[in-house]
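Spelled out from the first residue to the last, the chains are:
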Amino acid sequence: MRHGIAAQLGTALLATVRVGEGRSTTGRRLRLLRGWLLVGVALVAVTSFAAFTGVRDTVETARAQAVPAILGSASAYESLVRANTAAVLALDDGPARLGGSGELAQTQLGVAGQSLAQAGEHNAAGPVSRRELQLVQGLLASYTSWMAQADVRYRSGDESVAAATDVWYAAQLLHGSDGMLAHLSRLRAAQLDALDRQLATGWTHPATVAVWVVPVLVLGAALVAVQLYFRRRFRRTLNPHLLAATGLLLAVATLTALTLPAQAQAQAGAVQLREDVGAWQQRVQSSTAADRRLVAALVTGRCWSIGCGPAVAEFAATPSGSAPPRASAAEHDLTVAGERADSALAAALWPSMLRWLIVLCSAGLAALVVTGFQARINEYRFHLT
Amino acid sequence: MRPGRRRPGRALLLVLAALATLTTGCGTAGAVTIIGPWTGAEGAAFREILEQFRRQTGIAYDYHGTRSLSAVLAVDVRGGTPPDVAVLPSPNELVNYQRQGALSDVAELADTLRRSYSPQWLQLAQAGTGRPYAVVVKATLKGMVWYNPAMLQGPAPATWSQLVRLTRTHAAEGRTPWCLGMGAMAASGFPGTDWIEDILLRRAGPRVYQRWAAGELPWTAPEVRAAWEAWGELVLAEGAVHGGRGGALLTDFTEANDTMFADPPGCFLEHQGSSVVSDYRKAGARLAFFPTPGPTAGTARAWEVSADLATMFRSTPQARELMRFLASDDAQRLWPRAEQGAVFTVNRAVSAAAQTDRVSRSVARILTTADVLCYDASDLMPPAMTNAFHRAVLGYLAEPGALEEILADLERVRLGVPPQDWAGFACGR
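In the order they appear, the protein sequences are chains E and R.
In terms of the UniProt record's numbering, the first sequence opens at residue 1 and continues consecutively.
In terms of the UniProt record's numbering, the second sequence opens at residue 1 and continues consecutively.
Honestly, I wouldn't trust all of these hints.
Okay, the calculated beta carbon distance ranges per label pair [as the list claims (entries may be wrong)]:
hint, chain 1, residue 1, chain 2, residue 2, range
1, E, 156, R, 226, 37 to 45 Å
2, R, 421, E, 103, 32 to 40 Å
3, E, 127, R, 110, 25 to 33 Å
4, R, 130, E, 317, 49 to 57 Å
5, E, 317, R, 56, 40 to 48 Å
6, E, 127, R, 172, 54 to 62 Å
By construction, these hints were calculated from the structure, which means they are not laboratory data.
Glycine included, each C-beta is placed from N, C-alpha and C at the ideal position.
With these hints in hand, go ahead and build the complete structure from the sequences.
As C-alpha cells, then:
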C-alpha cells in the first residue's frame, strides 16, 4: 500500500464528490459504490455512537438524579412524621422528658432538611416539582415556629389549651390537605413519573432502536451486494477486505446492541423502585396514622373541658391500621429500595470506553472499505470502459 | 440516471444535519410562574383566568397555590428563586418587598390603574410610593355577618347589644348561633383578628382605626381593649359557638360553616368576608348578610376590606404581559363569572354590573360607594405585629382571663417595631 490509510480515506471521500472525473464507466461506478458505502459507514458510526451514548447517559442521569430525588422526598416525608411523633411524645411526657424525645425530634427535622435539599439538588421533574419543594420548605418554617412556641409553653408549665393548639396548628401544616406530607407525596409521584419518562423517551424509546439498526442492516446488505457484484464483475470468490469490514460491522452492531439489555434492566429497576416505594408507603402510613392519633390525644387531653369540636376526632380517624410507629422498618425499606434501584441502574451502565470501541471499529470498517475497492479502482483508473 | 448525479457527499451532509436536528431539542418560549394564596375552587377559578390569558397571548403559565403563601414566598425570595408574579394577600408584604427592592414596578400600567381605581385603591397598588407596583386582582368586603335565613327570620340585629341578645337567646334555647374556626395553616388566628378589627372600626370609627393600624395607638388603649372585650362578650358565652371555644380554636376557618345550612344547622351566623360566598353557593344555600352592628343603629359608613395584589418579582416580558392582562377590564369581568359571584373587583369600569345576583351586587355596591374603606389592619401591620396579633386572638380564646397580659405583650411587640415599618394608609376613599 503506497499511501497511508488516512490519506487514502481522504482521497476516497474526495472522490465521492467527484465521481464523474474518472475516464472509465466501471471506475466511476466503483468510486460511486465506495462513496455510498462510506456514507453508510459514517451513518452507522454516528447512529451507533449516539445510541450507545444516549442510552448510557439516560441511565446515568436516572441513577444520579431521579433515584436520589425520589428517595430524598420519601425520606423527608418519613423524617417529618418521626420528628412530629417524637416532639408530641416529648411534650406529652412533660418538661422532665423534653430532652430525649425533643432531641430526637430535632435530629429528625435535620434529616428532613437534608433530604429536602437532596430532593431539590437532584430534582428530575422540572419546575413544578421545584415549586413543590419550595412550598414544603416554606411550610416547614411555619411548622417549626408553631412547635417552638408549643415547646416554650410546655416548658413553662402552661396548663391551658393554648399549648396544645400550637401543636395542633403545626400538625395541620404537616398532615393537612395542603400540608407538607401532601406536597411530598405529590413530589414523590412526580419524580417517579419523571424516572419512567426518562427511561421511555429519547434514546431509550423502544422505537429509537431503528435509528441505529436500520443503517446497520442497510450497510450489511450493501456489503453483501458489493461482494456479489465483485464476484460477477471480476470473478473473485470473496473480497477479504470487505469480508473483514462485514465482521467489523457485526462488532459495531453487537456493541450497540448492548444497549437493549441495558434498557430492559434499567426499566426493570424503575419498576422495582416504584414497587418498593409503594410498599414503603404502605408501611409509613401506619406511622402517619399513629402520629395523627398522638396529636389528637394530646389535644383532647387539653381541650375536653372547653369543647374540642368535631375536628379533632375527624383528624384522628385515619383509614390505615392501628400499628404503632414502625419508623425503623420503613427506614430499612427506603435504604433497601435505594440500594436495589442503584444496583439495577449501575448494572445497566456498560463501560463508557465501549463507545470509543464503536468509533474505532467504524474507522477500521471505513479503512477496509477503502482498501477493498482500491485495487479494482486502480485497475480501471486509465481504462475507457 | 447518470452515476455522476448521485452525490453521496451531499447525502453524508444531509445525514449529519438530520442527526443534529434529532439530537437537539426545540426551544420553547418561557412560561410565567405565579404563586398565589388560592387553592381548591378559588385556585381552579384563577386557573380559568390564566387559561384565558394563555389563549389570548400564547404564553404558558405555571401556577402554584398555597394557603401558607407568606412563609413560602419568604423562603423563595431568600433563596433567590422568587416566582415571576406573586399574588399577595397582604399589603404589608407588598410594602416590605418593595422596600427590599425585590419588586419591579409596572409603570406602563399607571394610566390604566389611575383610570380604574379610586384614590384609596391606587394608593394600595403603589405600596405607598408614587409608582404602581401591584394590580388589585380581587377585593374582599369584610365587616359582615352572614346568616342562614331559615334561622333568623325577624329583622337583623342593628346594634351590638341586639346582636349579643340574639346570641344569648338562641344559645339559651339550645341553638348554637356562631360558626367560628381559627385554623388557617400558617395564618391561624386571622378570623379572630378580623373580628377585633371590625368591632374597633364600628365602635371607634375610622380615625381611631387608622391610628391603630398605623402603630400610633397602644394596644392597651381603652378603645382597643373594649373591642376585645366586646368580642369576648359575644363568642365566649356558654353555647355561643359551635363546638365551644375549644372547637373554634381547633376548627379550620374553611370548615367552620360546614353545618351552617344543614338540617338542623349546627350554627347559623358567621362573621366572614365576601369570599365565603362561594362556600355557601356550593352548599346550595340561600344567602343573606347584615353589617356587623356598631353600638348604635345606623347605616355603616366605614367598611373593612382586604385585597389580593398581583405583583412582579421578575421583570420578564411574559410577566409584564400577565400584569397587563390582570389589570384589564376584560380580566376583571371574567373573575366574577369564574367564581360565581364570589369575587369582587375594585375596577370602577366593571363594578357591580359584573355580578349576577342581588347579594353579590350589594357587596359590589358597598365596595364602590362606601364613604370610607379601611384595609384589614393585620394585613397592613408589619409581619412581627401581624404574627403576634394572630397568636394573641388564639391566646385570648384559650385563656380569656389573660387579656391584660395579652394586650401588654402586643404592646411590647408594637414598641419593638421600627416606626418606618408601619404603613400609614389604612383608611380612605
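Now the hints, each set against the structure:
Residue 156 of chain E and residue 226 of chain R have their C-beta atoms about 30 Å apart, which leaves the hinted 37 to 45 Å range violated. Distance hint check for residue 421 of chain R and residue 103 of chain E: the Cβ-Cβ separation is about 36 Å, which falls inside the suggested range of 32 to 40 Å. Taking the beta carbon of each, residue 127 of chain E and residue 110 of chain R are about 31 Å apart, inside 25 to 33 Å as hinted. Between residue 130 of chain R and residue 317 of chain E, the C-beta spacing of about 55 Å keeps the proposed range 49 to 57 Å intact.
At about 46 Å, the CB distance of residue 317 of chain E to residue 56 of chain R agrees with the hint of 40 to 48 Å. Roughly 57 Å separates the CB atoms of residue 127 of chain E and residue 172 of chain R, a value that falls within the hinted 54 to 62 Å.
Consistency with the previously given hints fails for number 1 only.
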